[in-house]
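Novice: Take a look at the letters that make up each chain.
Number of protein chains: 2
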Amino acid sequence: MDVRKDAAILHAARRLLLQGGPAQLTMEAVAQASGVSKATLYRRWPDRDALLRALVAHEAAPLLHTLHTVPPDEEALVRALVRFLDGLLRFVTRPAYRRYLQAVAALPQRRADLRRIWLLGPQQAVDEVAALLQRYAEQRGAVCAEAPREAEALIGMAMGLDMARVLYQQPPRHQRAAARRCHLVWVVRRFVAGLALGPGRQAGG
Amino acid sequence: MDVRKDAAILHAARRLLLQGGPAQLTMEAVAQASGVSKATLYRRWPDRDALLRALVAHEAAPLLHTLHTVPPDEEALVRALVRFLDGLLRFVTRPAYRRYLQAVAALPQRRADLRRIWLLGPQQAVDEVAALLQRYAEQRGAVCAEAPREAEALIGMAMGLDMARVLYQQPPRHQRAAARRCHLVWVVRRFVAGLALGPGRQAGG
Numbered sequence: 001m002d003v004r005k006d007a008a009i010l011h012a013a014r015r016l017l018l019q020g021g022p023a024q025l026t027m028e029a030v031a032q033a034s035g036v037s038k039a040t041l042y043r044r045w046p047d048r049d050a051l052l053r054a055l056v057a058h059e060a061a062p063l064l065h066t067l068h069t070v071p072p073d074e075e076a077l078v079r080a081l082v083r084f085l086d087g088l089l090r091f092v093t094r095p096a097y098r099r100y101l102q103a104v105a106a107l108p109q110r111r112a113d114l115r116r117i118w119l120l121g122p123q124q125a126v127d128e129v130a131a132l133l134q135r136y137a138e139q140r141g142a143v144c145a146e147a148p149r150e151a152e153a154l155i156g157m158a159m160g161l162d163m164a165r166v167l168y169q170q171p172p173r174h175q176r177a178a179a180r181r182c183h184l185v186w187v188v189r190r191f192v193a194g195l196a197l198g199p200g201r202q203a204g205g
Numbered sequence: 001m002d003v004r005k006d007a008a009i010l011h012a013a014r015r016l017l018l019q020g021g022p023a024q025l026t027m028e029a030v031a032q033a034s035g036v037s038k039a040t041l042y043r044r045w046p047d048r049d050a051l052l053r054a055l056v057a058h059e060a061a062p063l064l065h066t067l068h069t070v071p072p073d074e075e076a077l078v079r080a081l082v083r084f085l086d087g088l089l090r091f092v093t094r095p096a097y098r099r100y101l102q103a104v105a106a107l108p109q110r111r112a113d114l115r116r117i118w119l120l121g122p123q124q125a126v127d128e129v130a131a132l133l134q135r136y137a138e139q140r141g142a143v144c145a146e147a148p149r150e151a152e153a154l155i156g157m158a159m160g161l162d163m164a165r166v167l168y169q170q171p172p173r174h175q176r177a178a179a180r181r182c183h184l185v186w187v188v189r190r191f192v193a194g195l196a197l198g199p200g201r202q203a204g205g
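Heads up: the protein sequence lines correspond to chains A and B, in order. Take the first sequence: its position 146, counting from 1, is numbered 146 in the UniProt record's numbering, and each next residue is one higher. Take the second sequence: its position 3, counting from 1, is numbered 3 in the UniProt record's numbering, and each next residue is one higher.
Bear in mind the hints are in silico, worked out from the structure with no lab data behind them. The C-beta atom is built at its ideal place from N, Cα and C for all residues, glycine as well. Keep in mind that a hint or two might mislead.
[As the list claims (entries may be wrong)] Listing some non-contacts, in silico: residues in chain A with all C-beta distances to chain B over 10 Å:
id: 1; residue: VAL36
id: 2; residue: PRO122
id: 3; residue: ARG149
id: 4; residue: MET159
[As the list claims (entries may be wrong)] Here's a subset of chain A near chain B, in silico, CB distances under 8 Å, partners left out:
id: 5; residue: THR26
id: 6; residue: LEU120
id: 7; residue: GLU152
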């Protein structure tokens with residue numbers, strides 16, 4: 001496996017995906033844009049779906065990585081959530097993301113592709129926040145029965161209308177890093193203060 | 001003023017706006033689609049911007065109407081917010097809204113138009129929720145110092161990732177009216193329980 005070729009393929013594929021949405025991502029176009037032969041490309045990824053999955057996972061990994069922890073106390077939970085949401089807000093307010101959203105919305109895209117990206121991207125973010133809340137609850141001998149619902153509510157609270165702002169070409173609510181972080185600390189503290197933890201199995205009667 | 005002509009104009013203009021975003025909304029196209037003369041159209045609306053503003057205000061009015069109340073107690077506040085958010089979620093998950101968002105995202109649109117719609121639509125919704133929270137606080141001799149931030153957090157909590165679902169062509173989280181309402185009652189109760197009200201001027205030392 002040639003690591004440089006691998007990087008060139010992912011780089012070219014990512015550019016195609018961000019510029020035109022999944023419809024632009026064909027094995028033909030990726031081979032051409034990365035300067036590798038189609039034979040090499042197919043040796044590395046057996047089909048286009050595998051490449052698309054790898055690409056979305058690769059894009060989401062640095063964001064989701066911040067959630068892979070077992071927070072020993074509330075402060076650690078707050079820190080992990082703020083770090084994750086900060087990365088998420090930076091991600092969705094980049095100009096490249098706006099172009100990508102435009103492409104996803106505008107060009108005809110295969111529904112199966114959109115479904116795949118949805119599950120590996122936004123839906124996985126919700127699932128991993130929910131899992132973090134669950135691990136936090138377990139640390140305290142409790143359960144977080146509404147974890148998936150809580151997780152999506154938190155992400156929504158943090159984003160507010162920023163996704164609509166992207167589509168309406170309005171600047172994000174918090175443009176400066178310090179203001180964004182300050183906002184997120186407020187959001188996460190408000191969220192954690194209202195988090196309903198029920199008694200765990202040991203604690204039950 | 002001929003009421004039927006007025007209705008025909010607004011109906012045609014609305015269809016153009018929803019199908020192609022503001023770029024499709026020209027006085028020429030509206031006159032043609034509504035079957036009135038351009039002279040009649042200009043007598044009623046002096047220019048296209050006035051028509052666009054009227055249209056967005058007309059679309060937002062039934063939603064915002066539910067916020068025009070002074071809630072005497074917490075239960076009344078919860079009811080008003082649930083009713084508003086229910087209307088909002090129904091609005092953004094309609095197929096017509098998806099086509100509209102696609103048009104907004106995809107076709108070249110004048111930034112001034114997008115700004116205008118942003119201010120009269122989403123931004124006004126945030127402002128009016130904030131004003132409702134403020135009136136509720138005042139009823140209790142308190143102030144809601146973070147009202148605009150709280151308002152946007154609430155809307156975000158309620159919507160969750162439903163706007164992203166629209167773009168990715170995924171079904172909304174709660175498709176049935178009863179499930180959506182049940183979710184919104186949970187969201188609003190959780191929100192109101194954590195609402196920070198500070199002492200009002202009379203109550204202060």
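Novice: Now look at each hint and say whether the structure bears it out.
Specialist: A quick look at each hint next to the structure:
1. VAL36: holds, 30 Å
2. PRO122: violated, 5 Å
3. ARG149: With a cut-off of 10 Å, ARG149(A) comes too close to chain B, as the shortest Cβ separation is near 7 Å.
4. MET159: violated, 6 Å
5. THR26: At 20 Å from the nearest chain B Cβ, THR26(A) fails the 8 Å test, so the hint is violated.
6. LEU120: Check failed: Cβ of LEU120(A) comes no nearer than 11 Å to chain B, outside 8 Å.
7. GLU152: Holds: closest Cβ of chain B sits about 4 Å from GLU152(A), inside 8 Å.
The structure does not agree with the numbered hints 2, 3, 4, 5 and 6 stated previously, though it agrees with the rest.
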